[in-house]
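Q: Please build the complex by placing chain G on the supplied structure of chain B, with the hints as guidance.
Chains as they are written, first to last, in this note's numbering: chain B, 1 to 320; chain G, 1001 to 1364.
Fair warning: there could be bad hints in the mix.
[Stated by the list, open to error] Quick list of the computed label-pair ranges, beta carbon to beta carbon:
1) B/N80 <-> G/T1112: 54 to 62 Å
2) B/A110 <-> G/I1029: 24 to 32 Å
3) G/N1003 <-> B/N177: 47 to 55 Å
4) B/L149 <-> G/L1135: 28 to 36 Å
5) G/R1052 <-> B/G135: 50 to 58 Å
[Said to hold, decoys possible] Short, incomplete list of chain B residues facing chain G, as computed with Cβ under 7 Å:
6) M139
7) T153
8) L154
9) L189
10) L244
For the record, the hints were derived by calculation from the structure and aren't laboratory data.
Glycine included, each C-beta is placed from N, C-alpha and C at the ideal position.
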Amino acid sequence: MSATTTTVEALKLEPIATEKPIGQWGLAWRRLRRHGLAMIGLTLLIVIALISLSAELIAPYPFEEIDLTHSYAALFSPGNPGRPMHLLGTDKLGRDVASRLLYAGRISLAVALTVTILTILVGTVIGAVSGAFGGWLDMVLMRFTDLMLTLPTLPLLLVLSSSLRQFAQLQRLLGSNLSVIIIIFVLVLFGWMYEARLVRGSVLSLRGQDFIAASRALGAGESRIIFQHLVPNSLAPIIVAATLGFGGVIISESALSFLGFGVMPPVPTWGNMLNDARGAPLEYLFTQTLSPGFCIFITVLAINFLGDGLRDALDPRLKM
Amino acid sequence: MTNFVIRRLIQSFILLFFISMLIYVILNIVPGGPFDLLKTSNPRITQSHIDRLNALLDLDKPLFPGQYCPKVGGEQQPCRFDQGRYFRWLGKVIRGDWGRSWTMQTGTPVMTMIWSRLGYTVLLMGLSTFLAILLAVPIGIYSAVKQYSIMDYLATALAFFGQSMPTFWTGLMAMSIFAVALGWFPTGGVRESGAPGDIIEALSHIFSFGRTHPELAGKVWPTILDGLRHVALPALVLTYFNMAAWVRYTRSSMLEVLRQDYMRTARSKGLRERVVIFKHGLRNALIPLITYLALTLPSLFAGAILTETIFSWPGMGRMQIDAISNVDWPVVQGLFVITALLVVLSNLLADILYAVVDPRIQYS
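Excised from the complex, chain B in its bound form (with noise of 0.2 Å):
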C-alpha cells in the first residue's frame, strides 16, 4: 500500500523545457561570445568609449591648455611644479597629448557613431522602398546608387568639406561646431549606399516568401510590411556592414582631419593631431605622431575584431 502513498509535489509535471528558449539573437550572441578576438574587440571598444567619454574626469590637463615653455615635450617628462606629468608628451604649443587624446576620441567616436547611425537609416529607407516598390522607382534610386558609387569619395568629401565652409549663413548658426557638423554630413551623404544595395537586396530575396504573403493576406499595408516585416528580418548583414562601416568613418574622419578638411583646431581630433604632428621638426616626428595613430589604429582594429565576429554569429554563411 505504502507504493501508492505519492505526494501531490511528485505529480507535478517535469518540465520539458529546462530553460527559457533563446531566440535567433541570444543564439548570434552565444556564439559571438565563443568568438574570442571579437570578445577581444567588444571588450577594447568599451574601454575607449568609456576612457574617451569621462574625459573631463581622468585628463590631467584642460584639451586647450597651451604651455609655451614646454612646447614638444617627451615622453613622461614632468609638468610645471605642482602639475601632473605630460604622460604621453606635450605639442608644439605645449598642450598635454594624453589629455588631448582623451578629448580627441570623445570626438571622433561621436562622429563616427552619428555617421553610421545616420547611414543606416538613409540607406535602409532608400533599399527598402527602392526593393519593396520596385518598378520605375527601384531603377531611378539603384541608377542613383550606382552613380554615386562611381564618384570619387576622397576628393569630393574635400570639395564639399572646404566649400561649405565657407557659407557664412551656417558658420553664424553653428558656430565653432560647423566642421563637426560638415564632416558628418559629407559622409553621410556619401556613405549611405553599401547599406542600400544590401537592404535591397535582402528585400528582394524576402519578399516573396510566405509570410509576406501571409500578412498582405491580413491586411497589412506597404510600409507596415516593409518596416515590421522586411527591414528586421534584414538586420543581421545591416548590422555586419554598421559595425565594419564604423571603422571605415573613423579612418575617413581623420583622413580629412589629417588633410586639414575635416573637425578643425581648436576641437581636437586624432586626424588634426597627425596633422599637427605632421608639420612637427623631424626629431619629433616619431613621438608624436606614434600616439593619435595609435589611438585611431586600436579603434578601428578593435571595431574590425567585433565586425568580423559578427559577421560570423549573425550569418554563417557569410564567412570569409
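A: Relative to chain B, chain G alone:
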C-alpha cells in the same frame, strides 16, 4: 556576350554623362571662385573687376541652356540664348579639350598637367600593387591550405593590422623610423636636390632612345637608382596597406575552392596534393582575384592622395589636393571625370574578364 558588352557600354556612357553633370554642378554651385584670393589680398580690386574676370572665364553664363543677360560696364545688354556652361564644357571635353588651369599653372591645358604627373603615380601605384600581389597571394594560399596553423593566424593578424592602420599613420611612422632615425631613405620628393633629373625623365630618356632629356645621357642609371630610393618608402607603405586586402581575398577565395567537390574528386583520383592544390585549387581561386585586380585599376591612375601628400610625391593624388586647395576647378573636373571614366570602364572590364576566365558564368 557581344550583346552584353554593347549593352553595358551604352549603360556606361549614360552613367558617365550623369556623373560628369553631377561633378560639374557640384563644383559650380559651391561658393568660392578662382578670384577669391585676389579679392582678399588686394583691396583695390572691386567687384566689377571680379565680374569682368568672371565674364572672361564664362563664369557669368548659366550652367544649363537658358537666357543669358550680360552686363558690360554696369550696363544691361540685351538677353540672348546661351547653350550653358556644362554643355559647352562637355562638347570641348569630347573633342579632347579639357580646359585650362585657373590658378595652379594659369593657362596650362589640364591634359598637359595631368600627363606631367601621370608617370609618377603609375610608377608608385604600379610598384606597390605589384609587390602587394607578389607577397600576398602566396601568403593567402598558404594560409588557406594550412588553415588554423600558426602561419595562418600570423597572416590573418597581418591582414587585420594592415586594414586597421591608416596609410597616413604608417607613412609618418615609416618616415620617422626609416628616414629620420635610421637615415636609410629620403623623407620625400622624387630626387636629390642638384640631381640632373628624376627617375621618370630617365625612363623617358631610355624609352625614347635618348631623344628626350638629352642632359641625362650617361647619367641614367644613377638617376634611376636615386628615384628608386625615393619611391621605396611610399611604395612600401602602400604595399603593406594593399597586401592586407589581397591576403584576405586570396585566403577566402582559396578556402571556398578547397571545399568544392572537384577537389575531393581530384584527390580520390590519386593525384598528388601539390597537383590538387595548384592545378585544381589555385587556378579556380584566382578567378575572383582577377576581378579584384580589374577593380583596383583606377587607383593606379588616380593615385594615393594621403601617401603622396605625406611623401611629397608629385603624382595625381597630390595634384587633386593642390587643385582643390587652389580652387582650380578645370583641373579638378578633369581629374574627377577621368577617375570616374576609369572606374566605369574597369567595372565593365571586371565583368567581361569574369566571363572569359570562368566558363560557368554566362551573360545573356
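Q: Each hint: holds or not?
A: Here's how the hints hold up against the structure:
1. With their beta carbons about 57 Å apart, B/N80 and G/T1112 fall inside the hinted range of 54 to 62 Å.
2. Distance hint check for B/A110 and G/I1029: the Cβ-Cβ separation is about 30 Å, which falls inside the suggested range of 24 to 32 Å.
3. At roughly 54 Å, the beta carbons of G/N1003 and B/N177 sit within the given window of 47 to 55 Å.
4. Separated by about 29 Å at the C-beta atoms, B/L149 and G/L1135 satisfy the suggested range of 28 to 36 Å.
5. Checked against the given bound of 50 to 58 Å, the beta carbons of G/R1052 and B/G135, roughly 51 Å apart, stay inside it.
6. Of the supplied interface hints, the one on B/M139 is violated, with its beta-carbon coming no nearer than about 12 Å to a beta-carbon of chain G, more than 7 Å.
7. At a threshold of 7 Å, the smallest CB-CB gap from B/T153 to chain G is about 10 Å, leaving the interface hint violated.
8. Among the interface hints, the one on B/L154 holds; its C-beta lies about 6 Å from the nearest C-beta in chain G, closer than the 7 Å criterion.
9. Annotation: interface hint on B/L189 violated; nearest CB of chain G at approximately 11 Å, more than 7 Å.
10. At about 10 Å, the closest approach between the beta carbon of B/L244 and any beta carbon in chain G exceeds 7 Å, and the interface hint on this residue is violated.
In summary, the structure is inconsistent with hints 6, 7, 9 and 10 from the numbered list given earlier, while agreeing with the others.
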